[in-house]
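*Asks:* Here's the letter readout for the chains.
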Amino acid sequence: MKTYLDPKTGILTVTLKGDLVSTAADQVRGQMTALLETPTSPDATWKLFRLDLVTAKMVDSVGLNFIITILKAVQKNGAKMQILYTNQNVHRTFLFTRLDQHIELVKI
Amino acid sequence: MLNPIEAGLPTRPRRVLVVEDDPVSRTFLRLTLQKRGYHVIPVETVAAAQRQFNDEELDRFDCVISDYWMPDHTGLDLLRWLKTKDPCLATIILTGEGEKNLVTESLRLGAADFLEKPVNVQKLLAALDKATGQTAHQRRMARSDSAVKTLGRTQRWMMQSDRNTGGNFFSEVCFYPHAEAGGDFLGHFPVTPEVHCCLLTDVSGHDLQAAYISAYFHGIFHGMLLRAAPLPEIFGHFNEFLVRDWNQTEQLQVQNAIGTSLAAAALLLDSRQQLASVILCGAPVPIYVSPDGRAQALGESGGPPLGWFPDLEIRTTVHSIGGGGTIYWWTDGLADLAEAQGVHPLCLAFALQQAKERALKLPLLDEAKDDILFAAIFLPAADVEVGLLQPLLVENYRGDQDYEVDEFAAAWRRNLKLALPELSEMVEHDILLAMREAVLNAMKHGCARQAEKTVRVQASYHRLQRLLRVWVEDPGSGHQFDFAAHVDHTAQALIDEHRGLMFIMNLAHAVKFERNGATVIMEFQL
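In order, the protein sequences belong to chains L and V. Per our numbering, the very first residue in the first sequence carries number 52; after that it's consecutive. Per our numbering, the very first residue in the second sequence carries number 972; after that it's consecutive.
The hints are simulated quantities; they were obtained by calculation from the structure and are not laboratory data. The reader is advised that the hints may include incorrect statements.
[Stated by the list, open to error] Using C-beta positions, here's what the derived DEER-type ranges look like:
| id | chain 1 | residue 1 | chain 2 | residue 2 | range |
| --- | --- | --- | --- | --- | --- |
| 1 | V | Lys1332 | L | Ile159 | 38 to 46 Å |
| 2 | L | Thr106 | V | Gly1313 | 21 to 29 Å |
| 3 | L | Gln82 | V | Arg1369 | 23 to 31 Å |
| 4 | L | Gln82 | V | Leu1336 | 20 to 28 Å |
| 5 | V | Ala1352 | L | Gln82 | 57 to 65 Å |
[As the list claims (entries may be wrong)] Below, in silico cross-link-like pairs of lysine-lysine (BS3-like), each with a Cα-Cα straight-line distance of 30 Å or less:
| id | chain 1 | residue 1 | chain 2 | residue 2 |
| --- | --- | --- | --- | --- |
| 6 | L | Lys131 | L | Lys68 |
| 7 | L | Lys68 | V | Lys1483 |
| 8 | V | Lys1415 | L | Lys123 |
| 9 | V | Lys1388 | L | Lys68 |
| 10 | L | Lys108 | L | Lys131 |
| 11 | V | Lys1101 | L | Lys108 |
| 12 | V | Lys1006 | L | Lys108 |
| 13 | L | Lys158 | V | Lys1388 |
| 14 | L | Lys108 | V | Lys1094 |
All figures in this text were calculated on a predicted structure; none of them were measured in a lab. Think of the CB as a built atom: it goes at the ideal place given N, C-alpha and C, for glycine as much as any other residue.
In isolation and in its complexed conformation, chain L is listed as follows:
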């Protein structure tokens, strides 16, 4: 998991490598929780949480629940969430679970 905060735009980008499935989600869950629960200084506040899933070819239900956990934490912070993807199957998963109604999906 890689993170990058752009102070100019206020975008926090978190990049996950590979599929977001049960086993992968379990590995980064702790890191993600720590990232979202750490209070940010006023000059480093992010307004957009960007989840980079560009290398993912599959997202399963545990992975999707992981995204929703992130979304709830992001909304609690008063920010918005965006997902970057490339794979069409991943996009279909987001559509049939109606995630597109809650998160901005951006195809790269």
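Since the structure of chain L is already known, use the hints to place chain V on it.
*Replies:* Just chain V now, with coordinates in the frame of chain L:
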């Protein structure tokens, strides 16, 4: 000790063609060899030698001695020509002193030997003795090779579908011996119009002896079956023969060999009582598939083959085969190759059948280390088409193996790639994701992640409908709820519950539940 015929040696005086343009040298060779009992045919040129061979069959000669330098052609020209006519016939080339390059070239082209001129008589006789022996050996090997190929063709012919099956049953067989012939064999023995017996054997080794032992057991089996001997008695009789007689032979003891073992399985199929009686001795377990595609193992794996222990316990298990269906059966060569490829034996068998129907050979067969025999035995029943829904994999996972789901999914993918290579990326994704969700759900809820509980996964393919059906079963009591009402709430309120089910319902083309949802049946249109 072998007699001359068995040893491939001629029973007549050995015939030698001498090709030499120098009359003095030609006469010397003729007289020297005639004095030692050889029948010598002297000629002056390569052209004359070729005429001689065209007039007579080459196998009437035991050796050729040819000078290198001759007016029309060289001795190597003759050697090249002879290799195309009879590669078994040995040739000795005569060269001048110090012509090492000619010696090298002669040997490279397959000359049996070379001699420098002037020829030393002792060296000539030694070389000739060796060369005629080489011709005899090569001809014997060629005859053996031809016999093995004939045996292999006979084995394949005998195991063709529609050859041996009788009564109410028919079968389809794929047989790929590791060598030309092999020790794997499937025999069909109709007992009555309603009762049919099948015997599958796999003898250790891939040689003629293995093929002979296999055929010998099939002969004994048939004979004793005709005398109404019970199957365990037949197996016991042959085990005793192997342990007490065959494996005690002097030859085996001298070689300190472990002896011959025979993995064998017998199926007694009774279409009237709808029962299958099974005996397994070191052979893989046959899989019975009901007309709706559900697979069931007929017995338990394990147990030694025949030929190891004198006090071998031979058990018969009886299984219901009501309503027709198909029995899939194979020898361990198929199981070993499947394991090496990381796929299920049933999937490999399916791929073999597909290739056979298209008159193709699967490239991965080149990696087989053993004979491969696979059989599908069809058990027709009224108004039921059998063999259309063919299993590709049947797996059992422990309830606590959810952390290994990536490895399971990788294996499912390998199976799909092998059995259905034209599957689109999208359909493959949907199948793998739906299977993953169903298996994780079964482990979490149906097994409560307990190691002693088992999730069973089966995938079968319907060739005519191009349909993949997947069963995922757990031992739990299931869970009944209104999915349609739940799905909107899940999506709107962002709640986690039953999200896996939402995946399954959206990814599969059709989903059915049995046992209150403890069995999930997913269908994918390919």
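*Asks:* Each hint needs a verdict: does it hold in this structure or not?
*Replies:* Here's how the hints hold up against the structure:
1. V:Lys1332 / L:Ile159: 38 to 46 Å: holds, 44 Å
2. L:Thr106 / V:Gly1313: 21 to 29 Å: holds, 24 Å
3. L:Gln82 / V:Arg1369: 23 to 31 Å: At roughly 29 Å between Cβ atoms, Arg1369 (chain V) and Gln82 (chain L) fall inside 23 to 31 Å, so the hint holds.
4. L:Gln82 / V:Leu1336: 20 to 28 Å: Taking Cβ atoms as reference, Gln82 (chain L) and Leu1336 (chain V) lie about 47 Å apart, which means the hint is violated.
5. V:Ala1352 / L:Gln82: 57 to 65 Å: Given a distance of about 59 Å, which is inside 57 to 65 Å, the answer is holds.
6. L:Lys131 / L:Lys68: Distance of about 22 Å is within 30 Å: holds.
7. L:Lys68 / V:Lys1483: violated, 35 Å
8. V:Lys1415 / L:Lys123: holds, 24 Å
9. V:Lys1388 / L:Lys68: It holds: about 24 Å lies between the C-alpha atoms, which stays within 30 Å.
10. L:Lys108 / L:Lys131: holds, 24 Å
11. V:Lys1101 / L:Lys108: Violated: Lys1101 (chain V) and Lys108 (chain L) sit about 69 Å apart, past 30 Å.
12. V:Lys1006 / L:Lys108: With Cα atoms ~86 Å apart, Lys1006 (chain V) and Lys108 (chain L) exceed 30 Å; violated.
13. L:Lys158 / V:Lys1388: Given that 30 Å is the threshold and the Cα spacing comes to 28 Å, the pair holds.
14. L:Lys108 / V:Lys1094: violated, 76 Å
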